[in-house]
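K.L.:
Single-letter residue listing:
2 protein chains.
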Amino acid sequence: MPASLPGPTVGVVGGGQLGRMLGEAAAPLGIELVVLDPTPDAPAAQVATDQLVADFDDADAIRDLAERSDFLTFEIELADQERLDEVSEATGVPCHPDPATLALIHDKLHQKAALAEAGIPVPPFRRVDDADDLRAALDELGTPAMLKARTGGYDGRGNVPVESVDDAESAMDAVGGPAMVEAFVDYEREISVVAAQGDGEVSTFPVGENIHEEEILREMVVPSHSPEAVLEEAEQVGRDVLDLLDGRGVFAIELFEAADGRILVNEIAPRPHNSGHWSIEGAHTSQFEQHLRAVVGWPLGATDLRAPTVTKNVLADGDGSRPARVDGVEEPLATPGANLHWYGKREARPLRKMGHVTQVATDDESRAELLASARSLVDGLSFE
Amino acid sequence: MPASLPGPTVGVVGGGQLGRMLGEAAAPLGIELVVLDPTPDAPAAQVATDQLVADFDDADAIRDLAERSDFLTFEIELADQERLDEVSEATGVPCHPDPATLALIHDKLHQKAALAEAGIPVPPFRRVDDADDLRAALDELGTPAMLKARTGGYDGRGNVPVESVDDAESAMDAVGGPAMVEAFVDYEREISVVAAQGDGEVSTFPVGENIHEEEILREMVVPSHSPEAVLEEAEQVGRDVLDLLDGRGVFAIELFEAADGRILVNEIAPRPHNSGHWSIEGAHTSQFEQHLRAVVGWPLGATDLRAPTVTKNVLADGDGSRPARVDGVEEPLATPGANLHWYGKREARPLRKMGHVTQVATDDESRAELLASARSLVDGLSFE
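Residue numbers (the working numbering), protein chains in the order written: chain A, 1 to 384; chain B, 1 to 384.
One or more of the hints may lead you astray.
Reference listing, derived: stretches of chain B covered by chain A, where coverage requires no fewer than 3 residues with Cβ under 8 Å from a Cβ of chain A [as the list claims (entries may be wrong)]: (1) 24-35; (2) 39-52; (3) 206-217.
Hints were generated in silico from the structure; no laboratory data involved.
Predicted model, so just to flag it, every value in this text is computed and none were measured.
Glycine included, each C-beta is placed from N, C-alpha and C at the ideal position.
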């Protein structure tokens, strides 16, 4: 598609940190961003042209957003597929990715079933509506296993490890609704591929290694330490997943690299993702710029690694909600190759993602050295 | 100074492309920007928290700006030194750099005299109030020479080359006011050092080579092709200039590298400068982030080169003023290592700076190859 400047206006459902980093990427490209988010002064509002303060499923507000935009997209899975479809149809403003991908991904059981049906490798899984279902499934899949709420889970919420059949009742109570259970994968590491579907072209970022703790993604190491064959296979799986999804945009495909070298899809996010934040400094094009290019139909950018890179999330600690304030920022500011990213959230809550630090190699530092630096820098931050 | 997040709010006098790129750099750091500019919807307004629409010397507006800010700075020499001094004094909101630097730099004769007095090498110059003065000066300095308006010139406006003593009258008419004349320097190349004065520390960026045409800076090549001794001398001159100036911030020092290897200061800008735009992709810290760090008293960032880099300005062509619209953007978007920067100006006017393209090395491209690429990409753009 012919590209001209000034660029188009993109309406984004969701105005959190992903929207903020989309806004940071939009300005140099001459793309304007308008975001819709129910929280006034949302993180993205501070860099977007404007914010509409409204719920994610507010049909009138989504229509207002469309009328101010040349393209619609979303940065949160809570975006409402039906409203987006209706508004896009009524206004003629295209939405990328296709809202249908939200429906596919929203329900983890549907997501896994669609992947399996397309021949994409996933861990064995079963639908689970009650404790009897779960016990039957565990008989087949073995224990331990992971019980997952079909909808609404994120950052580990809605995921309940099940150690034995005896835990079936309590696990079902904990997950609290329609669920699926997945066989435990004996994995070497968790990795992810961030991939973009553009206008007739596909591009993938170098494969990153993800380090979780308490089910929350904490650290990303790029490139992953995986063997070359695994990296190639992961990239191919990423491309296969894109074939299955409709519409343009960036998708993150989280994978298990099994101990036996197999690649299994864990989850898909139909948007830029925490596991791709490293790309802001580590790649020639960031995942946020890439998403915007894809959504508006511009050529995709080069995704080569600029240098080995580690990103570590800054999570709030302490109890309860309080105004966000972090001390100890001198060290990350003064460390060569360290890059601070603050999301502009007004309130800190335990384990809330408040920002991240990316440590990029400036010399010939090993990935272990980069990780040690990022850990030391983030550990030195303190929430008041 | 202890640094904490969220960062401070910086009030910026001026809201052009420099303010816009300051805003792009501010968001990840958790720094908020408020800009003051007489043009509604100025380039910086699109990324700043807010814009005050007012003249640069509007005392009430500058006071409003200060009251919303923790620090004041400026991105345009038209900022009013006296107003800034008064407001900073009255409100206790510090202004960096010290507004006195504006007075020093505003008048090119004062600037050169101060540099000469400090022992910093400059081309021979004379004060020129009328054609008789000019003829007398040319007798001493020889021809050709450069007649410069003492105040108000930029992008070559106010600079009049004088080929012979016979041109004295017409040159004085062209420059139209108090002036100075400088001996012609037989230079090998024009180079510049972007340097930052932080809170007790000084940092310089790698020396860049500047290619002018019709007195307008068109292209920057980094690092400069200068011999190593010249690069070291240029950096030292940059540090000497910072010693002379008060207050924190980024300064650009434009230099002549004379054919005999001497370094002579051409001009100083007390702010981020066109010759430092390459640093956004080419250095670990951009000049805009560095300016913000310096102004708020945070540690300065690493300025090492990430890769050889060339930047070429995108200047509007054609006649008269018209809505800004550029076609042919596919190529820069699709070229690996090319980065598009659009300033968001609503109107195109001949030779107005509308954006720039930075070509960073992705492999082992030579600087000549990078320059050829940047030229080809910018030549392929067309203003409607």
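K.L.:
Establish whether the coverage given for the segment 206-217 of chain B by chain A is satisfied; the threshold is a Cβ-Cβ distance below 8 Å, and no fewer than three residues must meet it.
P.N.:
violated (count 0)
K.L.:
Using C-beta distances, would you say chain A covers the segment 39-52 of chain B, given that this needs three or more residues below 8 Å?
P.N.:
holds (count 3)
K.L.:
Holds or violated: the segment 24-35 of chain B covered by chain A, criterion of 3 or more residues with Cβ-Cβ distance under 8 Å?
P.N.:
Coverage by chain A holds for the segment 24-35 of chain B (6 residues, Cβ < 8 Å).
Of the numbered hints listed earlier, the single one contradicted by the structure is hint 3.
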